[in-house]
Amino acid sequence: MEVQAIGTIHSPFKQKLGVPRQPLLCPSVTGKIILESTFAREDTLRELDSFSHLWLLYWCHKSDSWRETIKPPRLGGKKKVGFLATRSPHRPNPIGLSLVKLERINEDFSIDISGIDILDGTPLIDIKPYLPMWDSVPEANNGWVDQTPILKSLQVDFSRLNETELKLLMPEEKQLLIETLGWDPRPAYTKDESRTFIHQVGPIEVTWMKDKETIFVLKIKKQ
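If you're matching positions, the sequence shown starts at 1 in our numbering and goes up one per residue.
In short, the hints are calculated from the structure, not lab data.
Don't take every hint at face value.
[To be verified] Computed Cβ-Cβ distance ranges for the label pairs, DEER-style: (1) Lys219 / Asp126: 35 to 45 Å; (2) Val81 / Glu107: 19 to 29 Å; (3) Leu48 / Thr190: 38 to 48 Å; (4) Arg160 / Asp135: 37 to 47 Å; (5) Ile150 / Thr214: 42 to 52 Å.
[Unchecked claim] Derived DSBU-like pairs (lysine-lysine); straight-line CA-CA distance at most 35 Å: (6) Lys152 / Lys167; (7) Lys80 / Lys167; (8) Lys101 / Lys79; (9) Lys32 / Lys222; (10) Lys79 / Lys212; (11) Lys80 / Lys128; (12) Lys78 / Lys174; (13) Lys71 / Lys167; (14) Lys152 / Lys101; (15) Lys101 / Lys221; (16) Lys167 / Lys221; (17) Lys152 / Lys14; (18) Lys212 / Lys71; (19) Lys78 / Lys167; (20) Lys16 / Lys174; (21) Lys167 / Lys79; (22) Lys62 / Lys80; (23) Lys14 / Lys78; (24) Lys32 / Lys14; (25) Lys128 / Lys167.
These numbers come from a predicted model, not from an experiment.
Each residue gets a CB set at the ideal place from its N, CA and C atoms; glycine is no exception.
Using the sequences plus the hints, can you model the full thing?
Here is the structure:
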């Protein structure tokens, strides 16, 4: 069995820390699909722009191992469930599945998308249109996820930045930080609220920490 990459997914996320844990949680996160030359043509994309949302199947290329059980972040990183009962990338075939919004198809046949939760440079395996008449099952349950607390976005506070740092942030970049940091991207295994984290989002290197119900942005640098 052979799997061929049909393109590459580009996003602001250069590392795993800070990537949204589910698609569409952060609608301001935009990305782009660059198709391989074999597929970047009018015929292969005909009528794709008639759909508002797409399923992306991709290869989680930074996942180099798998395990029988996973400690999901929603369970505090303590309780284990079978890997088949999770969406973890740590699996024998590290295939990812994300629902994204189709923004536009460009003249060069690249595809602009939003609401993504995918690392930059991820190999794209396939695109399928999202069909709510069949893909949405209102009476479906959420399995063990229904037994976990309802997620809520935290406040993101920029008051600890100096004026120079604040001026560096474009409005859309600030919104990107609000959405991605607001869902508390700390690894599930750490509950130390005195610890600071640093990660890259697009051109921004952001240093931050969590204190009670607030994420404090401590420092930003632009590259």
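Hints and how they fare:
In this structure the supplied range 35 to 45 Å holds for Lys219 paired with Asp126, their Cβ-Cβ distance being about 40 Å. Remark: the range hint 19 to 29 Å for Val81 to Glu107 is contradicted by a beta-carbon distance near 45 Å. For the pair Leu48 and Thr190, the supplied restraint of 38 to 48 Å holds, since their beta-carbon distance comes to about 41 Å. Here the CB-CB span from Arg160 to Asp135 is close to 43 Å, well matched to the stated 37 to 47 Å.
Checking the proposed 42 to 52 Å range against Ile150 and Thr214 shows it is violated: the Cβ atoms sit about 19 Å from each other. For the hint linking Lys152 to Lys167, the alpha-carbon distance of about 29 Å falls within 35 Å, and the restraint holds. Taken as a hint, the Lys80 and Lys167 pair is broken in the structure, with Cα atoms around 44 Å apart against an allowance of 35 Å. For the hint linking Lys101 to Lys79, the alpha-carbon distance of about 33 Å falls within 35 Å, and the restraint holds.
Between Lys32 and Lys222 the alpha-carbon distance is near 21 Å, which keeps this suggested pair within the 35 Å criterion. Of the pairs offered as hints, the one joining Lys79 and Lys212 holds, with about 23 Å between alpha carbons and a cut-off of 35 Å not exceeded. Note on Lys80 and Lys128: the hinted pairing holds, with a Cα-Cα distance of about 31 Å set against a maximum of 35 Å. With a C-alpha separation of about 33 Å, the suggested pairing of Lys78 with Lys174 holds against the 35 Å cut-off.
With a C-alpha separation of about 40 Å, the suggested pairing of Lys71 with Lys167 is violated against the 35 Å cut-off. Restraint check for Lys152 and Lys101: the C-alpha separation of about 22 Å stays at or below 35 Å, so the hint holds. At most 35 Å may separate the alpha-carbon atoms for a hinted pair to count; Lys101 and Lys221 meet this at roughly 29 Å. For the proposed pair Lys167 and Lys221, the alpha carbon gap of about 11 Å is at most 35 Å, so the pair holds.
Restraint check for Lys152 and Lys14: satisfied, since their Cα atoms lie roughly 25 Å apart, inside the 35 Å limit. For the hint linking Lys212 to Lys71, the alpha-carbon distance of about 23 Å falls within 35 Å, and the restraint holds. Proposed proximity of Lys78 and Lys167 is contradicted: the alpha carbons are some 41 Å apart, above 35 Å. Distance hint between Lys16 and Lys174 is fulfilled; the C-alpha atoms sit about 20 Å from each other, no more than 35 Å.
Of the supplied pair hints, the one linking Lys167 and Lys79 is violated, its CA atoms being roughly 43 Å apart against a limit of 35 Å. For a cut-off of 35 Å, the pair hint linking Lys62 to Lys80 stands: about 22 Å separates their Cα positions. Among the hinted pairs, Lys14 with Lys78 is consistent with the structure: their alpha-carbon atoms are about 27 Å apart, no more than 35 Å. Proposed proximity of Lys32 and Lys14 is supported: the alpha carbons are some 14 Å apart, at most 35 Å.
For the hint pairing Lys128 with Lys167, the CA-to-CA distance comes to about 40 Å; that exceeds 35 Å, so the pair is violated.
Taken one by one, the earlier hints fail for this structure at numbers 2, 5, 7, 13, 19, 21 and 25, listed in ascending order.
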